[in-house]
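Enquirer: Chain by chain, the residues run as shown.
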Amino acid sequence: MISLAGRDILHSWGKFVLTGIGLGLLIGVTLSMAGIYRGMVDDAQALLDNSGADLWVVQQDTQGPYAESSSLRDDVVRSVLGLPGVARAANVTYLTMQVRQSQGQGEARDGQEVRAMIVGFEPGQPGEPGYLVAGRHITRSHYEAVVDVRTGFALGERIRIRRHDYTVVGLTRRMVSSGGDPMVFIPLKDAQEAQFLKDNDAILNDRARTAANPALNRPGVPGLLEAIQASQAANHNVNTVLVQVQPGVPAESVAEPIRRWKHLEAYTRAQMEEILIAKLIATSARQIAMFLVILAVVSAAIVAFIIYTMTLGKIREIAVLKLIGTRNRTIAGMILQQALGLGLIGFIVGKVAATLWAPIFPKYVLLEPGDAVRGLVAVMLICALASTLAIRAALKVDPAAAIGG
Amino acid sequence: MIDAGIRIEGLRKRYGEGDTAVDALKDVNMTVAPGEVVGLIGPSGSGKSTLLKCLGAVIEPTAGRMILGGQTIYDDGWKIPDLRALRRDSIGFVFQAPYLIPFLDVTDNVALLPMLAGRSNDEARARALELLVALDVGHRAKAQPSELSGGEQQRVSIARALANQPPVILADEPTAPLDSERALAVVRILNQMATQFHTAIIVVTHDEKIIPTFKRIYHIRDGRTEEEVGQGLSL
Ligand SMILES: Nc1ncnc2c1ncn2[C@@H]1O[C@H](COP(=O)(O)OP(=O)(O)OP(=O)(O)O)[C@@H](O)[C@H]1O
Ligand SMILES: [Mg+2]
Numbered sequence: 001m002i003s004l005a006g007r008d009i010l011h012s013w014g015k016f017v018l019t020g021i022g023l024g025l026l027i028g029v030t031l032s033m034a035g036i037y038r039g040m041v042d043d044a045q046a047l048l049d050n051s052g053a054d055l056w057v058v059q060q061d062t063q064g065p066y067a068e069s070s071s072l073r074d075d076v077v078r079s080v081l082g083l084p085g086v087a088r089a090a091n092v093t094y095l096t097m098q099v100r101q102s103q104g105q106g107e108a109r110d111g112q113e114v115r116a117m118i119v120g121f122e123p124g125q126p127g128e129p130g131y132l133v134a135g136r137h138i139t140r141s142h143y144e145a146v147v148d149v150r151t152g153f154a155l156g157e158r159i160r161i162r163r164h165d166y167t168v169v170g171l172t173r174r175m176v177s178s179g180g181d182p183m184v185f186i187p188l189k190d191a192q193e194a195q196f197l198k199d200n201d202a203i204l205n206d207r208a209r210t211a212a213n214p215a216l217n218r219p220g221v222p223g224l225l226e227a228i229q230a231s232q233a234a235n236h237n238v239n240t241v242l243v244q245v246q247p248g249v250p251a252e253s254v255a256e257p258i259r260r261w262k263h264l265e266a267y268t269r270a271q272m273e274e275i276l277i278a279k280l281i282a283t284s285a286r287q288i289a290m291f292l293v294i295l296a297v298v299s300a301a302i303v304a305f306i307i308y309t310m311t312l313g314k315i316r317e318i319a320v321l322k323l324i325g326t327r328n329r330t331i332a333g334m335i336l337q338q339a340l341g342l343g344l345i346g347f348i349v350g351k352v353a354a355t356l357w358a359p360i361f362p363k364y365v366l367l368e369p370g371d372a373v374r375g376l377v378a379v380m381l382i383c384a385l386a387s388t389l390a391i392r393a394a395l396k397v398d399p400a401a402a403i404g405g
Numbered sequence: 001m002i003d004a005g006i007r008i009e010g011l012r013k014r015y016g017e018g019d020t021a022v023d024a025l026k027d028v029n030m031t032v033a034p035g036e037v038v039g040l041i042g043p044s045g046s047g048k049s050t051l052l053k054c055l056g057a058v059i060e061p062t063a064g065r066m067i068l069g070g071q072t073i074y075d076d077g078w079k080i081p082d083l084r085a086l087r088r089d090s091i092g093f094v095f096q097a098p099y100l101i102p103f104l105d106v107t108d109n110v111a112l113l114p115m116l117a118g119r120s121n122d123e124a125r126a127r128a129l130e131l132l133v134a135l136d137v138g139h140r141a142k143a144q145p146s147e148l149s150g151g152e153q154q155r156v157s158i159a160r161a162l163a164n165q166p167p168v169i170l171a172d173e174p175t176a177p178l179d180s181e182r183a184l185a186v187v188r189i190l191n192q193m194a195t196q197f198h199t200a201i202i203v204v205t206h207d208e209k210i211i212p213t214f215k216r217i218y219h220i221r222d223g224r225t226e227e228e229v230g231q232g233l234s235l
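Respectively, the protein sequence lines represent chains A and B. When we follow this note's numbering, the leftmost residue of the first sequence carries the number 1, and every step to the right adds one. When we follow this note's numbering, the leftmost residue of the second sequence carries the number 1, and every step to the right adds one.
Any given hint could turn out to be false.
As the list claims (entries may be wrong) - With beta-carbon atoms standing in for the labels, derived distance ranges:
no.	chain 1	residue 1	chain 2	residue 2	range
1	A	Met-380	B	Pro-43	52 to 60 Å
2	A	Ala-282	B	Ser-120	57 to 65 Å
3	B	Asp-76	A	Arg-392	30 to 38 Å
4	B	Gln-192	A	Leu-395	55 to 63 Å
Bear in mind the hints are in silico, worked out from the structure with no lab data behind them. Ideal placement from N, C-alpha and C gives every residue a C-beta, glycine not left out.
Model the full assembly from the supplied sequences, consistent with the hints where possible.
Expert: And the structure:
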């Protein structure tokens, strides 16, 4: 027996290919949506991996530092270091903001702006940028930066964060925030200052208020006012303490005493992942799931419509096929195979399209082979489902119709 | 008595029920011997298509008896169980238009029937080619139906009707769209095939060009048949 579906597809391949391309672009969008979700999860995991931490110590009753804001005194790290099982611990700050190119570096690149996550870290400690693709690590204690290549900044370029210019000395990659914003690493002290920096007017205003307070500005106590003002301007807070435990020590056994005795919250890697993936990107994930459902319905409608019209165009042939003794099963199989064929063409086009356009997306799009397989199965199921309309129409055709009136 | 060819006795067909019932066939009696071609003529609405549909096993008669190729297919309410297989194996159909399957080439249009009957592709195609050659369209075997002339298409459709060597061929106005010369050619072919394959052929027609060629004609009027002797002009 020959494949009726195959012959029909070959006979009207132009129609099939055009429809397949249309469907394929839709499937490409669907695969990209899934890829965007995977990219978000992967970004979150990369964020956790790159921090190099086993434990995140944050402000009590918060789910910081990524999902909620968290603020800790920067001397907490010392007491954490004293706990048994702790190998290393370091202060880190996170601040998402617009980072601008400094002025005066040539017209074309002046003022280029990018949304980035500023990470304040201590060199040689957890939280420092990992592998550098170019340049060197930060060696001076001020105004140097290592940036992710996705920021678009180049080595030697100067970027402006708040009131200071930083020189880009190193480049790293796949260092992004959970929101996919590329990271800019600067020394902790600079970051602390940037985080809590007030503008000049506010500082003057604060100073004037402090000076006007007789309790703080006491005649006969020289230096008191200056000390108070200095302490007001300085920032001794960080967002988290990243902890590495000693080999063989379970992170939870270190986290437990921190929670109990230090009035702090401590999250293990697994808990952090739970917070990032289940909570932080949950809304986006639902958003994407919504899109996937709509795209699936639209694809189904397109396939159903196309296969249905193609079948209606063949009613006469179907009547003849039935009259000369073709089984209903054979005719249904022919339509089903055509729908599946269309789905296959669409899937191939979609996969190629998604792969081609993935790098152009501003955020990371991770196309997982597993998703492709699931996508293929879903496309096939949708096509099979969509063909039922046409199959029903074909089965209703009366072989007597071939004989005419 | 069971015989080959076609035998119809007291066939009746009523469409619908009650007040709106239409008695399309009231008393149809016909015999067609193997190798014989008979004409079936009658005015519009007389029941020609209805008779053909009953014989073609796509609608069920109300009463009477039909025997095709020695096989009783209907007997007063009883009918042969597998009508689809009957149509495939025992009846060849030729229509007013060729109705070839547009996505199959000429050979496979003919070979499809033996394939449906379970023959291997090679066997089916060899049989198809044989018939195409016999019908003088062997040189177009690899063409698509749309690339054929009307007469060629009709010959291919006759080859298709013969593909499973059915004892019976039902032709429904097979010459209607053809000019006089081509119409006569089709009738000639049908006669040749009837002789060659011992096929009983009924040709429904009101084509004045070909009516004189039949030796026997059944005239159907208001659902009843009358047998007439035709001119039997030699082709
Ligand atoms: N499905 C049907 N339901 C009810 N009545 C029908 C049906 N089909 C045919 N008839 C009626 O049966 C009678 C015979 O119709 P039939 O189609 O057999 O005529 P015909 O001889 O083929 O006519 P024509 O030469 O115009 O094709 C007509 O009165 C017609 O209206
Ligand atoms: Mg008719």
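Enquirer: Decide, hint by hint, whether the structure agrees.
Expert: Do the hints match the structure? See the list:
Checking the proposed 52 to 60 Å range against Met-380 of chain A and Pro-43 of chain B shows it holds: the Cβ atoms sit about 55 Å from each other. Checked against the hint of 57 to 65 Å, the C-beta distance between Ala-282 of chain A and Ser-120 of chain B comes to roughly 59 Å, which is consistent with it. Checked against the hint of 30 to 38 Å, the C-beta distance between Asp-76 of chain B and Arg-392 of chain A comes to roughly 34 Å, which is consistent with it. Taken as a hint, the range 55 to 63 Å is violated for the pair Gln-192 of chain B and Leu-395 of chain A, whose Cβ atoms sit roughly 38 Å apart.
In this structure, the one hint that does not hold is number 4.
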